[in-house]
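From these two lone chains plus the hints, build me the complex, please.
Those sequence lines, one after another, are chains A and B. Yeah, the first sequence ends on 48 if you go by the working numbering, and it's all consecutive. Yeah, the second sequence ends on 236 if you go by the working numbering, and it's all consecutive.
Careful, some of the hints might be misleading.
What the hints assert, rightly or not - If we take Cβ atoms under 10 Å as the criterion, some of the chain B residues that face chain A in the derived model are: (1) 21; (2) 24; (3) 40; (4) 43; (5) 47; (6) 70; (7) 96; (8) 205; (9) 208; (10) 213; (11) 222.
It is worth saying that the hints were derived from the structure and are not from the lab. A virtual CB, placed ideally from N, CA and C, is assigned to each residue, including glycine.
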Amino acid sequence: MDPATQIDHQFVVAAYIITWTLQLGYLAWLGLKWRAEKRSADRRLHSR
Amino acid sequence: MKKTLILLYAAVTVALMIWGFYQAIYVAPSDAMQGEISHIFYYHVPNAMLAFLFFAVSLLGSIGFLSFRRSHPERAQISDAWALAGAEVGVIFCTVVLTTGPLWGRRAWGIWWTWDARLTTTLVLWLIYVSYLLLRRFAAGPQVQTLAAVLGIFGALDVPIVYMSNRWWRTQHPAPVFGGGPDSGIKDPAMLAAFGWNVLAWAAWGIFVLLLRYFVERKHQLNAEAEAQEELEANA
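In isolation and in its complexed conformation, chain B is listed as follows (with noise of 0.2 Å):
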């Protein structure tokens, strides 16, 4: 049963994708401005929408197990299992904004980057979220749980800089698409169209990659509490 649900999940997922490519790429007019390189825009805003959705999911888990640490050692670990499967999902759909981005800038301004203000902050989230994982690979010792939980709720603060800074500061990077005053929003009902089908395909695609990740680390948990009572018993 279990494994049906799986495979019928992975099924509409894979769909969904291949109904969103197609959206993108053959049912949603170029914009008259841009021409055919703002079809980079249905796989780069859901990406990014995404690792903001997923560094969220790394915040309440660093949070949980902040609070579980003392109290509940196994809510802990699960908390911290969701921790850092959301961080590094996260990481991965952000390392896609920020290479779809400079190719779309590329041929929109001319060059490959600049330094501004949602630009900067994307990179330096990224940094921040790279250095979790870090972290969490090289460091050792009974305390790198807790250092990386406040590391991840460090580098959440800076989601809503990176959401506002457009808003808040004037940019290169073209204007907020929603939620940005009278003027924003998507115009043509094709492009709205391809946008929110590419951005449900990503959805689906990316809650089942941070499941996976999310198992995963439980059954990573699971191996080396079993190995650490073995080596106990064997001692004793």
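Next up, chain A with everything else stripped away, as it sits in the complex (with noise of 0.2 Å):
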């Protein structure tokens, strides 16, 4: 593999990377939304 061919490469892994790490690290923040609303939900009814 060239030189050039190997850069594009990195680059084309580069950008599936980012992709990815965006969309599960804003699936893993909205898991942790959902789970402290819901748990707050639970303690106002088990306050009541």
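See below:
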């Protein structure tokens, strides 16, 4: 594999990794937010 | 039943993402001129298309909020939740576009960024919706939702400008792949199939994330409403 093709390959890998890091990171943050809201609702129910 | 449907949808989405990845990397041939770097296209373009779709959801939600805020408070809150969900998920997809694009540009053009019409209007779109999210996160007061709705509508006006920018002006950004004249379109069937699968996969993923964001916001609204009600009752 010549150096230019190798760099192209690295750039494609970087683009795909960045995409998945952003998307999965956001999904994880949403999951945490969902859990926090659910806990808040449960706490209020128990305190009644 | 509901849980089963959600799990089934999530499983189909994951399968589509894996199939889309396989098509983009292993099945679609590299472009004769660009080489392997052309494979970024299969993530960059579907993410851009979906960012536009989610900003349209935010626009409809913002219009709904402004229409219902006096007559139907419940509907206004639902519209506001859609507006926020659309803006936030749109920003995530637009961020992908603004990071994968320069990676492609560095290899294809030799530069990370250029201030041409397509790139600049996309950056402006992203900045408008980031400011929308900052407004919602840090501003306080009864008018925040109304101000955000106006900003959401203002931001959506940039979407057609971004879309048309490489038709109206001469740009460094490549010409439109679809709807850009007789020479536009993907000629290779394997490339077209890979593109189609990735649009489908990202649409399934995006809708899943959008729905999740909407339900999180609705839960937040209902919690805040219940807390306010409890405080009122305690004070009375």
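Now the hints, each set against the structure:
| no. | hint | in the structure |
| --- | --- | --- |
| 1 | 21 | 8 Å, holds |
| 2 | 24 | 9 Å, holds |
| 3 | 40 | 5 Å, holds |
| 4 | 43 | 5 Å, holds |
| 5 | 47 | 7 Å, holds |
| 6 | 70 | 27 Å, violated |
| 7 | 96 | 5 Å, holds |
| 8 | 205 | 7 Å, holds |
| 9 | 208 | 9 Å, holds |
| 10 | 213 | 6 Å, holds |
| 11 | 222 | 8 Å, holds |
In summary, the one numbered hint that this structure violates is 6.
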